[in-house]
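Colleague: Sequence:
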Amino acid sequence: MHIEINDNTTLQEIQQTFSDFYPWLRIGFYNKAHKKYEGSEITNLLGSGNSVGDVKRTHVSGLLEIRPSYKVEEVEREFQERFGLSVQVMMKEKGQWVQTTGTDILTLKDINQLSRNASDEYILSELEAEEEEEES
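Throughout the sequence shown, residue numbering follows our numbering, covering 17 to 152 in sequence.
Among the hints, a few may not be true.
Derived BS3-like pairs (lysine-lysine); straight-line CA-CA distance at most 25 Å [what the hints assert, rightly or not]:
hint, residue 1, residue 2
1, Lys72, Lys52
2, Lys72, Lys48
3, Lys72, Lys110
4, Lys108, Lys51
5, Lys125, Lys87
6, Lys125, Lys52
7, Lys51, Lys87
8, Lys125, Lys110
9, Lys125, Lys108
10, Lys87, Lys110
Now the in silico label distances, taken between C-beta atoms and shown as ranges [as the list claims (entries may be wrong)]:
hint, residue 1, residue 2, range
11, Arg132, Gln32, 25 to 33 Å
12, Ser77, Gly118, 17 to 25 Å
13, Gln129, Thr74, 30 to 38 Å
14, Gln28, Lys48, 19 to 27 Å
15, Glu97, Leu62, 17 to 25 Å
16, Gly78, Lys110, 30 to 38 Å
17, Gly100, Gln32, 16 to 24 Å
18, Asp70, Lys110, 27 to 35 Å
19, Asn24, Gln112, 31 to 39 Å
20, Ile121, Leu62, 24 to 32 Å
21, Ile58, Leu79, 27 to 35 Å
Think of the hints as simulated: they come from the structure by calculation, not from any bench.
Ideal Cβ positions, reconstructed from N, Cα and C, are used throughout, including at glycine.
Make a model of the complete structure from these sequences and hints.
Modeller: Here you go:
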């Protein structure tokens with residue numbers, strides 16, 4: 017996957033391109049950088065309607081390549097180092113989007129599959145709970 021990033025690109029466009037390739041993952045943009053295995057504060061979350069030029073300090077345009085074999089930490093670092101964008105990769109867990117802080121060493125392919133499996137299990141457990149309620 018390649019994402020073209022310039023000052024006119026919206027955060028939403030980047031998020032959509034990323035999610036098209038990794039449907040069980042999401043990226044969030046924050047106004048403060050984080051370290052490996054650290055989370056970002058929800059109060060620092062940026063709105064997806066912002067353009068890249070509105071939120072970054074450096075004004076560098078380029079093409080960002082993201083491969084399934086890249087680790088989460090590598091993707092987050094590339095966004096930060098090349099474009100001055102602080103991102104967190106998130107996965108769905110029990111119906112909620114959570115930051116992948118403890119799994120930064122996993123590849124995007126692995127974390128996408130992990131999130132898919134967790135979502136499938138959550139959906140099945142919800143359906144089973146509904147069936148039990150109907151039987152009562």
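Colleague: For every hint, state whether the structure bears it out.
Modeller: So, going through the hints one by one against the coordinates:
Using a Cα cut-off of 25 Å, the hinted pair Lys72 and Lys52 holds, with the two alpha carbons roughly 20 Å apart. Between Lys72 and Lys48 the CA atoms are separated by roughly 11 Å; this keeps the pair inside 25 Å, and the hint holds. Simply put, Lys72 and Lys110 have alpha-carbon atoms about 33 Å apart, too far for the 25 Å limit, and the pair is violated. Using a Cα cut-off of 25 Å, the hinted pair Lys108 and Lys51 holds, with the two alpha carbons roughly 21 Å apart.
Between Lys125 and Lys87 the CA atoms are separated by roughly 9 Å; this keeps the pair inside 25 Å, and the hint holds. Simply put, Lys125 and Lys52 have alpha-carbon atoms about 19 Å apart, close enough for the 25 Å limit, and the pair holds. Annotation: proposed proximity of Lys51 to Lys87 holds, straight-line Cα distance about 14 Å (limit 25 Å). In summary, the hint linking Lys125 to Lys110 is supported, as the alpha carbons are separated by about 19 Å, within the 25 Å threshold.
With a CA separation close to 14 Å, the supplied pair Lys125 and Lys108 stays within the 25 Å bound. Simply put, Lys87 and Lys110 have alpha-carbon atoms about 23 Å apart, close enough for the 25 Å limit, and the pair holds. A hinted range of 25 to 33 Å is violated for the C-beta pair Arg132 and Gln32, which are about 19 Å apart. Remark: the range hint 17 to 25 Å for Ser77 to Gly118 is contradicted by a beta-carbon distance near 33 Å.
Evaluation of the 30 to 38 Å hint for Gln129 and Thr74 yields a pass: the beta carbon distance comes to about 34 Å. A beta carbon spacing of about 20 Å between Gln28 and Lys48 agrees with the range 19 to 27 Å that was offered as a hint. At about 18 Å, the CB distance of Glu97 to Leu62 agrees with the hint of 17 to 25 Å. The supplied range of 30 to 38 Å is met by Gly78 and Lys110, whose beta-carbon atoms lie about 37 Å from each other.
The supplied range of 16 to 24 Å is met by Gly100 and Gln32, whose beta-carbon atoms lie about 21 Å from each other. For the pair Asp70 and Lys110, the supplied restraint of 27 to 35 Å holds, since their beta-carbon distance comes to about 33 Å. Taken as a hint, the range 31 to 39 Å holds for the pair Asn24 and Gln112, whose Cβ atoms sit roughly 32 Å apart. Look at Ile121 against Leu62: about 25 Å separates their beta carbons, and that is inside 24 to 32 Å.
Ile58 and Leu79 have their C-beta atoms about 30 Å apart, which keeps the hinted 27 to 35 Å range intact.
The structure is inconsistent with the numbered hints 3, 11 and 12, although it conforms to all the rest.
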